[in-house]
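Visitor: Next come the chains, spelled out residue by residue.
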Amino acid sequence: MSFDWMRIPWSLVTLFIVFNYGLLLNALIAKIAARVGRRHGIPLWQNYVDLIKNYGQRTTISHGVHFYLGPVFRLTGGIGLLLFVPTLYGSAYFANLSFAGDLILALYFVFFGTLGMALGAGESGHPYAALGVSRGLSQVTAAELPFALAVFAVALQYQTLSVTEIVAAQQGGIHHWTLFTNPLAVAAAMLSFLGSMMRPPFDLVLAPQEIPIGPPTEYHSSYLALLQTNRAIFPIAKVVIYMNLFFGGATNWPVFFLKVFLITMVSVVVGVVSPRFRVEQSIRWFLIWAVPIGILAILWV
Amino acid sequence: MKAELEKRLVTGPDGVEFEVDPLRDYYCDALPEVQRPAYLRIVEDLFNWARAESIWILGFGTGCGAIEMRPLMTPRFDAYRYGIQWRPTPRQANLFVISGYLSVKTLKRVIRSYEQMQNPKYVVGLGSCTLNGGMYFDSYNTIKRLDQYLPVDLYITGCMPRPEALLAGFLELKKLIRAGKAEGANQYAANFAWYKANQKQVIHDWDMPDYNW
Amino acid sequence: MPSNADPMSLAGVHARLQALFPLGDLAPRRAGLAFVDLPATCAPPALSHLRDREGFGHLVLLTAVDWLEEELFQLTYLVCNREARLDLGLRVRIPREPARMESIHDIWPTAATYQRELREMFGIDFPGSPRLDEAFILEDWRDIPPYRRDFDTLRFARENFAERPGRETWDPASHMRQRLYPEANPGMDPSVPGDRS
Amino acid sequence: MGLLTPDRSQYPALRADGSLDIDLSSGKYLKLWQGPQHPGITGNMSLELTVCGDEVVEGKTHVGFLHRGFEKLMERRTFIQCFPIVCRICVPEPDFNEYCYAAAVEELAGIEVPEAAHWIRTLILEMGRINSYLMYLGGQAGALGLGVIGQWTTHARDLMLDRFEELTGARVYHLFILPGGVRDGLPAGFAGRMAETLRELETTLRDVHETLFCNAVFKKRTVGQGVIDPAWLEPYGVTGPNARAAGVPRDVRRDFPYLVYPQLDFAPVTGQDSDIYTRADVRRRDLLLSVDLIRQILARMPRQGPFMAPLPNVLHWRIPPGETYVRGECSRGEYGYYLVTDGSGHPRRVNVRGPSYTHAVALLERMIVHCNIADVAALMVSLHTYPPEIER
Chain Y
1 MSFDWMRIPW
11 SLVTLFIVFN
21 YGLLLNALIA
31 KIAARVGRRH
41 GIPLWQNYVD
51 LIKNYGQRTT
61 ISHGVHFYLG
71 PVFRLTGGIG
81 LLLFVPTLYG
91 SAYFANLSFA
101 GDLILALYFV
111 FFGTLGMALG
121 AGESGHPYAA
131 LGVSRGLSQV
141 TAAELPFALA
151 VFAVALQYQT
161 LSVTEIVAAQ
171 QGGIHHWTLF
181 TNPLAVAAAM
191 LSFLGSMMRP
201 PFDLVLAPQE
211 IPIGPPTEYH
221 SSYLALLQTN
231 RAIFPIAKVV
241 IYMNLFFGGA
251 TNWPVFFLKV
261 FLITMVSVVV
271 GVVSPRFRVE
281 QSIRWFLIWA
291 VPIGILAILW
301 V
Chain L
1 MKAELEKRLV
11 TGPDGVEFEV
21 DPLRDYYCDA
31 LPEVQRPAYL
41 RIVEDLFNWA
51 RAESIWILGF
61 GTGCGAIEMR
71 PLMTPRFDAY
81 RYGIQWRPTP
91 RQANLFVISG
101 YLSVKTLKRV
111 IRSYEQMQNP
121 KYVVGLGSCT
131 LNGGMYFDSY
141 NTIKRLDQYL
151 PVDLYITGCM
161 PRPEALLAGF
171 LELKKLIRAG
181 KAEGANQYAA
191 NFAWYKANQK
201 QVIHDWDMPD
211 YNW
Chain V
1 MPSNADPMSL
11 AGVHARLQAL
21 FPLGDLAPRR
31 AGLAFVDLPA
41 TCAPPALSHL
51 RDREGFGHLV
61 LLTAVDWLEE
71 ELFQLTYLVC
81 NREARLDLGL
91 RVRIPREPAR
101 MESIHDIWPT
111 AATYQRELRE
121 MFGIDFPGSP
131 RLDEAFILED
141 WRDIPPYRRD
151 FDTLRFAREN
161 FAERPGRETW
171 DPASHMRQRL
181 YPEANPGMDP
191 SVPGDRS
Chain W
1 MGLLTPDRSQ
11 YPALRADGSL
21 DIDLSSGKYL
31 KLWQGPQHPG
41 ITGNMSLELT
51 VCGDEVVEGK
61 THVGFLHRGF
71 EKLMERRTFI
81 QCFPIVCRIC
91 VPEPDFNEYC
101 YAAAVEELAG
111 IEVPEAAHWI
121 RTLILEMGRI
131 NSYLMYLGGQ
141 AGALGLGVIG
151 QWTTHARDLM
161 LDRFEELTGA
171 RVYHLFILPG
181 GVRDGLPAGF
191 AGRMAETLRE
201 LETTLRDVHE
211 TLFCNAVFKK
221 RTVGQGVIDP
231 AWLEPYGVTG
241 PNARAAGVPR
251 DVRRDFPYLV
261 YPQLDFAPVT
271 GQDSDIYTRA
281 DVRRRDLLLS
291 VDLIRQILAR
301 MPRQGPFMAP
311 LPNVLHWRIP
321 PGETYVRGEC
331 SRGEYGYYLV
341 TDGSGHPRRV
351 NVRGPSYTHA
361 VALLERMIVH
371 CNIADVAALM
381 VSLHTYPPEI
391 ER
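Chains as they are written, first to last, in this note's numbering: chain Y, 1 to 301; chain L, 1 to 213; chain V, 1 to 197; chain W, 1 to 392.
FYI, nobody ran anything at the bench for these hints, they're computed from the structure.
Since the structure is predicted, the reported quantities are computational estimates derived from the model, not experimental observations.
Using N, Cα and C, we set each Cβ at its ideal position, and we do this for glycine too.
It is possible that part of the hints are untrue.
Label pairs and their calculated CB-CB ranges [to be verified]:
1) I42(L) <-> W253(Y): 42 to 50 angstroms
2) R100(V) <-> E172(L): 36 to 44 angstroms
3) I17(Y) <-> K7(L): 39 to 47 angstroms
4) D52(V) <-> C28(L): 39 to 47 angstroms
5) D140(V) <-> P230(W): 39 to 47 angstroms
6) G125(Y) <-> K7(L): 17 to 25 angstroms
7) L115(Y) <-> D140(V): 21 to 29 angstroms
8) H176(Y) <-> E172(L): 37 to 45 angstroms
9) R179(V) <-> R318(W): 47 to 55 angstroms
10) L315(W) <-> G125(Y): 55 to 63 angstroms
11) D292(W) <-> L46(L): 51 to 59 angstroms
12) S9(V) <-> R318(W): 30 to 38 angstroms
13) K7(L) <-> D140(V): 44 to 52 angstroms
Computed list of lysine-lysine pairs in BS3-like fashion (alpha-carbon distance at most 27 angstroms, straight line) [to be verified]:
14) K7(L) <-> K31(Y)
15) K28(W) <-> K60(W)
16) K7(L) <-> K219(W)
17) K7(L) <-> K220(W)
18) K174(L) <-> K7(L)
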């Protein structure tokens, strides 16, 4: 198989664009949440400043190798997820490193960062971090189930495991989107999406008022900056998968930005006016509401 | 000293007995060092600018001044506009607002939280009581001069200071940081013995290591 | 319930209680609030009786007053009958050394908190009260208990906490006299620096 | 679901003396400190939790981080010098300290307070109650992760603080109710601006009701959680909204009328279920009651002074020996001052009875057992405790 080496620099360009878009989007979300609270909100460039500051802190304390690897794994998860799915459909430059079975790899990468973080946070020895990890793993597992079911439904529907081909099957008008051809799968996946975005009502992993602030309690300075970088990339990467699988993908950057923004807004709108669930309540919620829909979606296909 | 901090024999899950000395085993006892700024002036300036524009306050209301911190974060005053926000853990915070009088019991926790913050870090003393004792000049349980125990970058006076005063104080602090004059953490490390002696003079029951990393 | 006086008044309660315990006279403060003295040994049974038979179910507070001159501590148990809207304060006098009183945490669980505070702040012992010797408010206190009258808080603060130079303290009475009648106090200038009025 | 019910066999055994047999080195239990540096704790106090899995098996309250020794400091100040420091005892609702202290001193010194001062005192106390409840609502929502309610209520509180500033000249510590009366009457145009503030407050409360009290997640987290058994009220000295939510109409304003409350038209707000949701709802409705009371007060109060009774020379003010207890209904329950005088110029002893004293220590330690870690913050906020009035 011949490999086009030019895809590597182009995927780095993708990474760069997504990273900046992620930082701005996060600030925009914070601003929207602030406006709901009738505040002015943070400046749009605030995340850049925070990032520079955290990289510029002079001291760091390590709790061992795994503690260091935690954020690295998390970031790898985010970048890996982004690089192995096509960002823009039909573009030779921004298809990244997608290949025939990339859907399975993407499913793996969604979970990868969480596992790495669990490893690192557990090493930090802080009881709140341990609590956050146990909450996070149970919830992510529960939230992943409906998503996996929805992905299988989609894979069955289009008879392929390649994200590119799934997107290709959805071209040619809004009524070709999975959203309309398989609404059950999309419903299950969107419920799972709420759970995996770390926003209320499913933000019990961070939960500042209960276990401040969960896994990243001990992370500081450049470790925290790595996590922040990941927070800019990972949600977008996840949204890209959703966009490709269910919302017809994107063929150019403006459409990409718009779709990512709108999909993210789903979780923001729900989150801004919701308190948070307890961990067993949220797991029950996923098992009762999201998983049956996912199973129905598979049956429907 | 609390029972859980004393030396004791512990039987592990595998049946092996071993001795645990929590103060030595659970904590790192290295002393702080003065951290030099970046080599390049322009890099340090950039970092100082970023530090000034991104002030993360530790969420620790030590005294009654904490009540005016909430209006500061809400629609009327909205300090988020200036890059000021709360962090719930000392590891990620870089500004410690001592909101009012400090009882000796709180001082111990404050020192511990302060030492867990990362260099560079700043301390702002709020209200007259951190400055000279204020209303509680004759109280047997509150300290009178904060700068004896922690390096203070800025005092905001009043009892209690209004949110406008707090905002003005934070803007003043930003100027200090940007000029590279807010080097409290290094000052603390340089005069460590002096600070520690002062702290131990007040806190008799010193059941923690000298420096809490 | 046997009643000989007006059952719904403090006098009635007092009369019924006096038949059982060697009570002092009722010292009414205002309508619905009165204080009464009784010996230390009678306080827990009297409180138990008040709670169970007279409807004084609410322990408002338990505190101590230090009568240093008489070498006594006065313990005040203030109980309240919410239905009849009556408050009765039981005053118990105990010696300062050794200060010891029977615990009432079995009558009101919440009294354990008050007794912990009294133990710490006045050094009054309540044998049997839960968690009595744990630090409650102070931590590692090495002086005499601070709420005792012979503890001088100003001296303690001066000795222990560093002071910022420049703070001036004015006695309000002499300061006002000097300001209002400067001619009576020659040699004192009312407009000296530090005058903050 | 059997899968999610905790395994009770893991719970620690009771020792003979009633304490729990907890062996930390067994690895079954984890000791967890919440606070003093913890965003879920109200104010500066700390909880020492022993947890087994996600459930608390033992909780201890540690207070004293805000202890300034007020009761000692007041013993070495003259009666009028005590007045500026009493309000510092409780920050969110300082006026109750001023009122209770002033009322106790007036009773022992035999001072008659003018009628207009009574009305203004009632007005200030109700305004303070609104502030305190607004802080509470924000805190209760925040403890469950809904930060936006805190933004709205703090903004409403800012509006109320504006009225305070207009009336007393200060935002937080007003120093307005002093022994003998109040410092001054209402400024011109105050009633109109107050009415406007109350209208905005009601709008905010309607939003809060729709966003918080009608929210399914909030209900799921709070209904049936943290129940205070009505049988605990007397043993644990529970007062105020915590008792009223259990269906017991305990309100000092009605039971032991003070100030002008006998002339006002109101009935205590009660709830039935005594859980976190009911307590929050009782406080919300109590807030609306305060709004109504303020309207009544502004409509009926006398506009003309005098506002102060003549005092003796306060620098040489001696009060005859005596002792008294004065109580009022603050937003958290019964607030009281026990004052003993000995004929000198200083109080012999002042004891402050804050409602949090019993709520935050004995009651909380009882209620926190078998509570989920995630619910600790919500439970603690729902008792509405302020640490400074525990330790003074």
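Visitor: Against each hint, give a clear statement of whether it holds in the structure.
Guide: Hints and how they fare:
For the hinted restraint 42 to 50 angstroms between I42(L) and W253(Y), the CB-CB distance of approximately 33 angstroms leaves it violated. One distance hint, 36 to 44 angstroms for the beta-carbon pair R100(V) and E172(L), is violated here, with the actual separation near 56 angstroms. Range check, I17(Y) to K7(L): Cβ separation about 58 angstroms, and the 39 to 47 angstroms hint is violated. Distance hint check: the CB atoms of D52(V) and C28(L) are about 58 angstroms apart, inconsistent with the given range 39 to 47 angstroms.
Range check, D140(V) to P230(W): Cβ separation about 40 angstroms, and the 39 to 47 angstroms hint holds. Between G125(Y) and K7(L) the C-beta distance comes to about 20 angstroms, which sits within the given range of 17 to 25 angstroms. Separation of L115(Y) from D140(V) is about 45 angstroms and departs from the stated range, judged on CB atoms against 21 to 29 angstroms. Taken as a hint, the range 37 to 45 angstroms is violated for the pair H176(Y) and E172(L), whose Cβ atoms sit roughly 60 angstroms apart.
At about 22 angstroms, the beta-carbon gap between R179(V) and R318(W) misses the expected band of 47 to 55 angstroms. The hint said 55 to 63 angstroms for the Cβ distance between L315(W) and G125(Y), and at roughly 60 angstroms that hint holds. Restraint check, D292(W) to L46(L): a C-beta distance of roughly 57 angstroms satisfies the suggested window 51 to 59 angstroms. Between S9(V) and R318(W) the Cβ separation comes to about 33 angstroms, which falls inside the hinted range of 30 to 38 angstroms.
Between K7(L) and D140(V) the CB atoms are about 20 angstroms apart, so this pair departs from the stated range of 44 to 52 angstroms. Restraint check for K7(L) and K31(Y): not satisfied, since their Cα atoms lie roughly 52 angstroms apart, outside the 27 angstroms limit. At most 27 angstroms may separate the alpha-carbon atoms for a hinted pair to count; K28(W) and K60(W) meet this at roughly 19 angstroms. Between the alpha carbons of K7(L) and K219(W) the distance comes to roughly 47 angstroms, so the proposed pair goes past 27 angstroms and is violated.
Using a Cα cut-off of 27 angstroms, the hinted pair K7(L) and K220(W) is violated, with the two alpha carbons roughly 46 angstroms apart. Among the hinted pairs, K174(L) with K7(L) is inconsistent with the structure: their alpha-carbon atoms are about 46 angstroms apart, more than 27 angstroms.
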